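**Q** For the record, the sequence lines run as chains A and B.
Note that this note's numbering numbers the first sequence so that position 73 is 73, with each residue one more than the last.
Note that this note's numbering numbers the second sequence so that position 53 is 53, with each residue one more than the last.
Since the hints were made in silico from the structure, they are not lab data.
Incorrect hints may have been included.
Calculated cross-link-like contacts (lysine to any residue; reagent style SDA-like; alpha-carbon spacing at most 20 Å) [what the hints assert, rightly or not]:
no., chain 1, residue 1, chain 2, residue 2
1, A, K154, B, K175
2, A, K72, B, A65
3, B, K220, A, N206
4, B, K128, A, V71
5, B, K175, B, T232
6, B, K128, A, E158
7, A, K67, A, T195
8, A, K67, B, K128
9, A, K65, B, L206
10, A, K251, B, H130
11, B, K220, A, F200
12, B, K175, A, F200
13, B, K128, A, G219
14, A, K154, A, L138
15, A, K154, B, E139
16, B, K220, A, S74
17, B, K175, A, A106
18, B, K128, A, F200
19, A, K65, B, A137
20, B, K128, A, G253
21, B, K220, A, V147
22, A, K154, B, L206
23, B, K220, A, A152
24, A, K65, B, H130
25, A, K65, B, A124
26, A, K14, A, S30
27, B, K225, A, I166
28, B, K175, A, K72
29, A, K67, B, L206
30, A, K65, B, K128
Note that the structure is a prediction, hence the values are computed from the model and not measured.
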Amino acid sequence: MAKTMEPGNKLGQKMSELTEKVQGSQAWSSIFRPGSVFRKGYTDSPRNRSYVVMNSVLYHLHPVKVKRHAVKVSYTLCLGGLSFFLFILLTVTGIFLMFFYRPTAAQAWDDMYALQASVTFGLLVRNMHRWAAHLMVLAVFLHMARVFYHGAYKPPREFNWVIGVILLTLTLLLSFTGYLLPWDQLALWAVTVGTNMMGFTPVFGNQVRFVLLGGSEIGTDTLLRWYVLHVLFVPFVTVIFLAIHFWRVRKDGGISGPL
Amino acid sequence: MAEIPEHLRKRAEEARKKAEAKKAAEAGEVAAAPAESGADADAPAAGDSKIPAHLLERSKAAKAAKAAKESAGAGGELVGAGVGSAAAAVASAAPPPAAAGPAGHTQRLLTVVKAGSIQDVKAAPVDKVHVWPHLLAVEFVSALAVLAFTLIFSIFVNAPLLAVANINQTPNPSKAPWYFLGLQELLTMFHPMVAGVTIPGIGIFLLILAPYIDRNPSNKPEDRKFAIALFTVQMMFWAVLTIISSFFRGPGYNFILPWNDGLFFEL
Chain A
1 MAKTMEPGNK
11 LGQKMSELTE
21 KVQGSQAWSS
31 IFRPGSVFRK
41 GYTDSPRNRS
51 YVVMNSVLYH
61 LHPVKVKRHA
71 VKVSYTLCLG
81 GLSFFLFILL
91 TVTGIFLMFF
101 YRPTAAQAWD
111 DMYALQASVT
121 FGLLVRNMHR
131 WAAHLMVLAV
141 FLHMARVFYH
151 GAYKPPREFN
161 WVIGVILLTL
171 TLLLSFTGYL
181 LPWDQLALWA
191 VTVGTNMMGF
201 TPVFGNQVRF
211 VLLGGSEIGT
221 DTLLRWYVLH
231 VLFVPFVTVI
241 FLAIHFWRVR
251 KDGGISGPL
Chain B
1 MAEIPEHLRK
11 RAEEARKKAE
21 AKKAAEAGEV
31 AAAPAESGAD
41 ADAPAAGDSK
51 IPAHLLERSK
61 AAKAAKAAKE
71 SAGAGGELVG
81 AGVGSAAAAV
91 ASAAPPPAAA
101 GPAGHTQRLL
111 TVVKAGSIQD
121 VKAAPVDKVH
131 VWPHLLAVEF
141 VSALAVLAFT
151 LIFSIFVNAP
161 LLAVANINQT
171 PNPSKAPWYF
181 LGLQELLTMF
191 HPMVAGVTIP
201 GIGIFLLILA
211 PYIDRNPSNK
221 PEDRKFAIAL
231 FTVQMMFWAV
241 LTIISSFFRG
251 PGYNFILPWN
261 DGLFFEL
């Protein structure tokens with residue numbers, strides 16, 4: 001038994017020596033900060049559990065500790081976090097789609113068709129972008145309902161609720177501006193219905209409609225305008241409000257208390 | 001005054017008695033030669049004090065004058081409290097400690113502040129857990145579940161891509177995206193300015209104002225039945241409008257039954 005184990009043991013010894021050497025190198029410890037599970041000497045200690053959060057750009061939005069009731073899935077259903085996750089998923093899939101799309105009336109629909117027909121994973125990524133967008137609108141609505149039913153907008157969280165409502169309207173705007181981009185009959189007429197409604201704004205109705213359409217009728221200028229709104233302007237504003245929203249969650253004392 | 005611990009109260013009482021006895025002994029002397037006796041009594045304190053000499057002199061003179069007045073008249077503190085002349089006569093022998101406390105101390109106990117009455121010294125313990133791994137694991141799994149759902153759904157269900165946009169050919173019916181269909185349904189009941197601008201505008205405005213309108217501090221469902229009822233009715237109202245407009249409206253935006261006339265709904 002001992003004899004058969006020997007070559008394996010030797011290999012294992014070599015491996016652990018190598019690991020030791022790599023993890024002990026300056027390059028390695030300069031990349032993985034304390035708290036990283038890859039760092040030499042990582043153990044599951046309260047100190048390292050704190051470092052994991054404090055020393056990670058991805059996780060440091062969180063506090064080091066949260067109230068125990070906050071990690072119960074039934075309390076928030078993760079709806080706020082999932083809304084943000086869907087926003088990231090939409091950004092990633094959206095960047096992919098941008099490589100294959102030109103926002104002009106002459107080319108938009110053909111590009112969409114070519115994307116689905118001849119781009120690797122084009123159809124799949126487009127589907128994901130569309131379904132994730134609908135899911136995000138739904139998640140944001142449900143997140144708002146959850147916050148209301150928990151009374152989580154009460155002091156000191158009033159202003160974060162206001163930012164949340166702004167984020168809800170931004171989400172609807174993101175979805176609605178994206179709706180036009182495929183430039184098919186569904187897109188054109190859904191947007192026609194929507195912008196006609198906004199054209200009934202008192203006093204400035206016609207001006208509002210003109211600004212939205214980039215003209216008096218939906219056309220290639222509208223497409224360019226909504227494209228820029230969809231891929232740059234609204235996401236830019238949304239990210240700013242998201243940052244304030246998350247920051248305020250921490251500043252207002254973390255997640256709201258149990259019922 | 002239940003907050004003062006018993007032993008401290010006793011000590012203060014004893015100190016006060018001692019001081020009264022001392023004052024009573026001195027009282028006659030002070031009355032006879034106020035300025036001189038005052039200077040004698042405080043002489044040792046002046047040596048090791050950091051208070052300027054001229055100020056000390058002034059305060060000594062004032063104290064002596066006060067003591068003289070008090071011993072001549074009735075006891076100041078008890079007259080102030082409105083007790084009868086009999087009590088005042090008793091107190092006249094015991095003026096309040098003026099120059100120094102018992103046994104020459106220059107400070108005395110004013111009050112005892114219980115820990116926590118002004119400042120929260122020890123915060124109430126909150127049951128907390130580390131974000132890693134408790135919260136991050138939950139978030140990771142839920143994100144993964146949503147990603148898996150989106151991916152699998154996208155494999156089996158294609159996003160719609162109808163014929164190329166044609167401004168001259170209006171599809172029948174024309175519907176807005178699903179989240180605006182509630183508003184489109186309102187269009188059948190109100191003027192477009194009311195249904196398309198005023199109602200959603202007021203809706204968003206009221207939503208923003210919700211925390212400032214709802215002044216009820218409790219977040220317990222049993223304390224806020226009205227708010228919950230109002231919000232639920234509101235949500236149900238929009239849900240019903242959206243469902244009607246999505247599934248029960250067909251060509252010409254006329255009322256249909258989806259199980260008879262088919263679905264006129266695209267996501």
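**Q** Work down the list of hints and note, for each, if the structure agrees.
**A** So, going through the hints one by one against the coordinates:
1. About 37 Å separates the Cα atoms of K154 of chain A and K175 of chain B, which puts this hinted pair outside 20 Å; it is violated.
2. Our distance criterion of 20 Å between C-alpha atoms is broken by K72 of chain A and A65 of chain B, whose separation comes to about 74 Å.
3. Pair hint K220 of chain B plus N206 of chain A does not hold up; C-alpha atoms about 47 Å apart against a cutoff of 20 Å.
4. Between K128 of chain B and V71 of chain A the CA atoms are separated by roughly 10 Å; this keeps the pair inside 20 Å, and the hint holds.
5. Using a Cα cut-off of 20 Å, the hinted pair K175 of chain B and T232 of chain B is violated, with the two alpha carbons roughly 26 Å apart.
6. This hinted pair does not check out: K128 of chain B and E158 of chain A have alpha carbons roughly 24 Å apart, beyond 20 Å.
7. For a cut-off of 20 Å, the pair hint linking K67 of chain A to T195 of chain A is broken: about 45 Å separates their Cα positions.
8. At most 20 Å may separate the alpha-carbon atoms for a hinted pair to count; K67 of chain A and K128 of chain B meet this at roughly 4 Å.
9. Proposed proximity of K65 of chain A and L206 of chain B is contradicted: the alpha carbons are some 35 Å apart, above 20 Å.
10. The straight-line distance between the Cα atoms of K251 of chain A and H130 of chain B is roughly 18 Å, inside the 20 Å bound, and the hint therefore holds.
11. Using a Cα cut-off of 20 Å, the hinted pair K220 of chain B and F200 of chain A is violated, with the two alpha carbons roughly 41 Å apart.
12. Under the criterion of a C-alpha separation no larger than 20 Å, the hint pairing K175 of chain B with F200 of chain A is consistent with the structure, at around 17 Å.
13. Of the supplied pair hints, the one linking K128 of chain B and G219 of chain A is violated, its CA atoms being roughly 56 Å apart against a limit of 20 Å.
14. A threshold of 20 Å between alpha carbons decides the hint, and for K154 of chain A with L138 of chain A the separation of about 23 Å lies outside it, so the pair is violated.
15. Among the hinted pairs, K154 of chain A with E139 of chain B is inconsistent with the structure: their alpha-carbon atoms are about 25 Å apart, more than 20 Å.
16. A distance of roughly 16 Å separates the Cα atoms of K220 of chain B and S74 of chain A; the hinted pair therefore holds under the 20 Å criterion.
17. For the given pair, K175 of chain B sits about 24 Å from A106 of chain A by alpha-carbon distance, which is inconsistent with the 20 Å threshold.
18. As the CA atoms of K128 of chain B and F200 of chain A are separated by approximately 52 Å, the hinted pair breaks the 20 Å bound.
19. Restraint check: the Cα-Cα separation between K65 of chain A and A137 of chain B comes to about 14 Å, which is no more than 20 Å; the hinted pair holds.
20. Proposed proximity of K128 of chain B and G253 of chain A is supported: the alpha carbons are some 13 Å apart, at most 20 Å.
21. This hinted pair checks out: K220 of chain B and V147 of chain A have alpha carbons roughly 13 Å apart, not beyond 20 Å.
22. Restraint check: the Cα-Cα separation between K154 of chain A and L206 of chain B comes to about 15 Å, which is no more than 20 Å; the hinted pair holds.
23. Distance check on the hinted pair: K220 of chain B and A152 of chain A sit about 10 Å apart at the alpha-carbon level, within 20 Å; holds.
24. Restraint check: the Cα-Cα separation between K65 of chain A and H130 of chain B comes to about 4 Å, which is no more than 20 Å; the hinted pair holds.
25. Proximity of K65 of chain A to A124 of chain B is assessed by CA-CA distance (about 16 Å); at most 20 Å being required, the pair is judged to hold.
26. Simply put, K14 of chain A and S30 of chain A have alpha-carbon atoms about 24 Å apart, too far for the 20 Å limit, and the pair is violated.
27. At most 20 Å may separate the alpha-carbon atoms for a hinted pair to count; K225 of chain B and I166 of chain A exceed this at roughly 26 Å.
28. For the suggested pair K175 of chain B and K72 of chain A, the alpha carbons sit about 40 Å apart, so the restraint of at most 20 Å is broken.
29. With a C-alpha separation of about 31 Å, the suggested pairing of K67 of chain A with L206 of chain B is violated against the 20 Å cut-off.
30. Of the pairs offered as hints, the one joining K65 of chain A and K128 of chain B holds, with about 6 Å between alpha carbons and a cut-off of 20 Å not exceeded.
Checked against the numbered hints listed earlier, the structure breaks hints 1, 2, 3, 5, 6, 7, 9, 11, 13, 14, 15, 17, 18, 26, 27, 28, 29; every other hint is satisfied.
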